[in-house]
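Q: Just so you know, the protein sequences line up as chains A and B, in that order.
For the first sequence, our numbering begins at 3 and goes up steadily by one.
For the second sequence, our numbering begins at 10 and goes up steadily by one.
Because the hints were derived from the structure by calculation, they are not lab data.
Misleading hints may appear alongside valid ones.
To be verified - Mimicking EDC-like on lysine to aspartate or glutamate, the simulated pairs with C-alpha atoms at most 20 Å apart in a straight line are:
#	chain 1	residue 1	chain 2	residue 2
1	A	Lys209	A	Asp190
2	A	Lys75	A	Asp93
3	B	Lys11	A	Glu106
4	B	Lys11	A	Glu114
5	B	Lys11	A	Asp56
6	B	Lys11	A	Asp110
7	A	Lys159	A	Asp63
8	B	Lys198	A	Asp15
9	A	Lys20	A	Asp56
10	A	Lys20	A	Glu59
11	B	Lys19	A	Asp15
12	B	Lys19	A	Glu106
13	A	Lys7	A	Glu95
14	B	Lys19	A	Asp93
15	B	Lys11	A	Glu115
16	B	Lys11	A	Glu98
17	A	Lys125	A	Glu139
18	B	Lys11	A	Glu118
19	A	Lys75	B	Asp104
20	B	Lys19	A	Glu215
21	A	Lys73	B	Glu152
22	A	Lys125	A	Glu115
23	A	Lys57	A	Glu215
24	A	Lys76	B	Asp104
25	A	Lys71	B	Glu152
26	A	Lys80	B	Asp104
27	A	Lys244	A	Glu234
28	A	Lys243	A	Glu188
To be verified - Per label pair, the in silico range of CB-to-CB distance:
#	chain 1	residue 1	chain 2	residue 2	range
29	A	Ser138	B	Lys206	34 to 40 Å
30	A	Ile25	B	Lys198	31 to 37 Å
31	B	Phe38	A	Ala173	55 to 61 Å
Think of the CB as a built atom: it goes at the ideal place given N, C-alpha and C, for glycine as much as any other residue.
Chain by chain, the residues:
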Amino acid sequence: MIEVKNIHKSFGDNHVLKGISTIFERGKINLIIGKSGSGKTVFLKSIIGLHEIDKGEILYDNRTFSGTKTKFKKTIRKELGMVFQGGALFDSETVERNVMFPLEMFSDMSFEEQRERANFCLKKVNLLNANHLFPSEISGGMQKRVAIARAISLNPKYLFCDEPNSGLDPATSIVIDNLIKDISEEFDMTTIINTHDMNSVVEIGDKITYIHEGQKWWEGSNNDIFSSENKELNDFVFVSKKMKLMMKRK
Amino acid sequence: MKPYFRQIIKEIYKIGISSIGIVIIISVFMGAVITLQTAYNFTSAIIPRYLIGVGARDSMLLEFSSTMVGLILAGKVGSNIASELGTMRVTEQIDALEIMGINSAGYLILPKIIAIVFFNPFLCMISMFVGIGGGYAIALFTESVTPENFILGIRAFFIPFYITYSIIKTILFAFIIASVSAYQGYFVKGGAIEVGKASTRAVVYSSILILLFNLILTNLLLG
Ligand SMILES: Nc1ncnc2c1ncn2[C@@H]1O[C@H](COP(=O)(O)OP(=O)(O)OP(=O)(O)O)[C@@H](O)[C@H]1O
Ligand SMILES: [Mg+2]
Numbered sequence: 003m004i005e006v007k008n009i010h011k012s013f014g015d016n017h018v019l020k021g022i023s024t025i026f027e028r029g030k031i032n033l034i035i036g037k038s039g040s041g042k043t044v045f046l047k048s049i050i051g052l053h054e055i056d057k058g059e060i061l062y063d064n065r066t067f068s069g070t071k072t073k074f075k076k077t078i079r080k081e082l083g084m085v086f087q088g089g090a091l092f093d094s095e096t097v098e099r100n101v102m103f104p105l106e107m108f109s110d111m112s113f114e115e116q117r118e119r120a121n122f123c124l125k126k127v128n129l130l131n132a133n134h135l136f137p138s139e140i141s142g143g144m145q146k147r148v149a150i151a152r153a154i155s156l157n158p159k160y161l162f163c164d165e166p167n168s169g170l171d172p173a174t175s176i177v178i179d180n181l182i183k184d185i186s187e188e189f190d191m192t193t194i195i196n197t198h199d200m201n202s203v204v205e206i207g208d209k210i211t212y213i214h215e216g217q218k219w220w221e222g223s224n225n226d227i228f229s230s231e232n233k234e235l236n237d238f239v240f241v242s243k244k245m246k247l248m249m250k251r252k
Numbered sequence: 010m011k012p013y014f015r016q017i018i019k020e021i022y023k024i025g026i027s028s029i030g031i032v033i034i035i036s037v038f039m040g041a042v043i044t045l046q047t048a049y050n051f052t053s054a055i056i057p058r059y060l061i062g063v064g065a066r067d068s069m070l071l072e073f074s075s076t077m078v079g080l081i082l083a084g085k086v087g088s089n090i091a092s093e094l095g096t097m098r099v100t101e102q103i104d105a106l107e108i109m110g111i112n113s114a115g116y117l118i119l120p121k122i123i124a125i126v127f128f129n130p131f132l133c134m135i136s137m138f139v140g141i142g143g144g145y146a147i148a149l150f151t152e153s154v155t156p157e158n159f160i161l162g163i164r165a166f167f168i169p170f171y172i173t174y175s176i177i178k179t180i181l182f183a184f185i186i187a188s189v190s191a192y193q194g195y196f197v198k199g200g201a202i203e204v205g206k207a208s209t210r211a212v213v214y215s216s217i218l219i220l221l222f223n224l225i226l227t228n229l230l231l232g
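Generate the whole structure from the sequences, applying the supplied hints.
A: Below you can see the structure in the form of structure tokens.
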């Protein structure tokens, strides 16, 4: 469980996060949705400490994370996995080495055990026969899957994904969404995903936080989202006017 | 500890071993040209011809193998370091390291500095050796100086401290190249254009610092 309390973040005069509080529950898929530029990435990066927050508090299973020493942050960071929007794979290393990297850094495993674990993770994301290719030699969707495999290689307690399926075709998107959902449930992780893909929302959104102009505007599950009365949320969800009318008629 | 060690080995290969070729080519040609020019300038009959060998050797030992090679490596290695780290920064690979709980600067920059400071003295010695070899080739294949005179020259008035002096300069220049370029690359903000600018800055700044410290060190060590 991750708890954020009233966090604020500004870049110069640009007040991006204006006091967001929420709780991300364990074993569930927590989605953060919102328009482009609403502050989703900044929010996610603030939670994991890549941005230093100006005000507020972040707790990982009741352990305060914000404002603590780097050394303590490192302890928590070893328990979290992150899938960056662009994948952020190490491009001088092969696919297999990318996934082995955290193990090599932080586990006591032998080289063979590391490889075995890496291959287990690659199998989980349905990526076989790409072990010895470099990131530049595989497709965007494959890169995302490698990034997921790398993020789960150390069995993290917390998994963060920044738009794991942006730029992917709808079918692959859903494959990746379900993959993340299965992994989260299987390993009982606290998973937080940034997305603006409505398919993901419907498919896997256990809990959805809608961010509007740096504030939490709405919160609920995928069952409630279409029946919400919140105007801004409806504008976001029903982008086409036709769709809105169709929903109303229903 | 093992990943760090692996990283150092990788950097030695990438920064050091891969530069041997360019250092050899440039040093052979410069050794040859220096010998030729010295020979053309020593026209007076009073000057013994073997002094050509002395001049060529000392030019290589004192300046060329440290400073010139330093400048060339600032171009090759400096831009490489800055663009590699800059790309890692803008594609969030550095953030990914941080998120794993790794000290990214320690993991990425330190091995580069260790590798270059350790390996560049070898490059410097290789340069001295093949540079003088280039001069000898001139003695063999042209009329400018006889091989006997050249050999006599490179063995005359030899001051071993010149080699130490050159190595000291090389180590400092290596440190300048790695740290300045790593700084430029590591702190890039933005995208591909900024990475390109950072790598240009890396080359320009490290070259200027090399020239400046060359002056200071020469004054300190030989003055
Ligand atoms: N490193 C930064 N420095 C300064 N301003 C930033 C930085 N990162 C983000 N911002 C600003 O914060 C605001 C929110 O950006 P953010 O990247 O969080 O949007 P987002 O919701 O993730 O959008 P998208 O869906 O397009 O990814 C933007 O106005 C952006 O200009
Ligand atoms: Mg974003």
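Q: State for each hint whether it applies.
A: Checked hints:
no.: 1; hint: A:Lys209 to A:Asp190; verdict: holds, 15 Å
no.: 2; hint: A:Lys75 to A:Asp93; verdict: violated, 26 Å
no.: 3; hint: B:Lys11 to A:Glu106; verdict: holds, 8 Å
no.: 4; hint: B:Lys11 to A:Glu114; verdict: holds, 15 Å
no.: 5; hint: B:Lys11 to A:Asp56; verdict: violated, 37 Å
no.: 6; hint: B:Lys11 to A:Asp110; verdict: holds, 11 Å
no.: 7; hint: A:Lys159 to A:Asp63; verdict: holds, 10 Å
no.: 8; hint: B:Lys198 to A:Asp15; verdict: holds, 19 Å
no.: 9; hint: A:Lys20 to A:Asp56; verdict: holds, 10 Å
no.: 10; hint: A:Lys20 to A:Glu59; verdict: holds, 13 Å
no.: 11; hint: B:Lys19 to A:Asp15; verdict: violated, 43 Å
no.: 12; hint: B:Lys19 to A:Glu106; verdict: holds, 16 Å
no.: 13; hint: A:Lys7 to A:Glu95; verdict: violated, 38 Å
no.: 14; hint: B:Lys19 to A:Asp93; verdict: holds, 14 Å
no.: 15; hint: B:Lys11 to A:Glu115; verdict: holds, 16 Å
no.: 16; hint: B:Lys11 to A:Glu98; verdict: holds, 18 Å
no.: 17; hint: A:Lys125 to A:Glu139; verdict: holds, 19 Å
no.: 18; hint: B:Lys11 to A:Glu118; verdict: holds, 19 Å
no.: 19; hint: A:Lys75 to B:Asp104; verdict: holds, 14 Å
no.: 20; hint: B:Lys19 to A:Glu215; verdict: violated, 46 Å
no.: 21; hint: A:Lys73 to B:Glu152; verdict: violated, 69 Å
no.: 22; hint: A:Lys125 to A:Glu115; verdict: holds, 15 Å
no.: 23; hint: A:Lys57 to A:Glu215; verdict: holds, 17 Å
no.: 24; hint: A:Lys76 to B:Asp104; verdict: holds, 13 Å
no.: 25; hint: A:Lys71 to B:Glu152; verdict: violated, 72 Å
no.: 26; hint: A:Lys80 to B:Asp104; verdict: holds, 14 Å
no.: 27; hint: A:Lys244 to A:Glu234; verdict: holds, 17 Å
no.: 28; hint: A:Lys243 to A:Glu188; verdict: violated, 39 Å
no.: 29; hint: A:Ser138 to B:Lys206: 34 to 40 Å; verdict: violated, 23 Å
no.: 30; hint: A:Ile25 to B:Lys198: 31 to 37 Å; verdict: holds, 33 Å
no.: 31; hint: B:Phe38 to A:Ala173: 55 to 61 Å; verdict: holds, 59 Å
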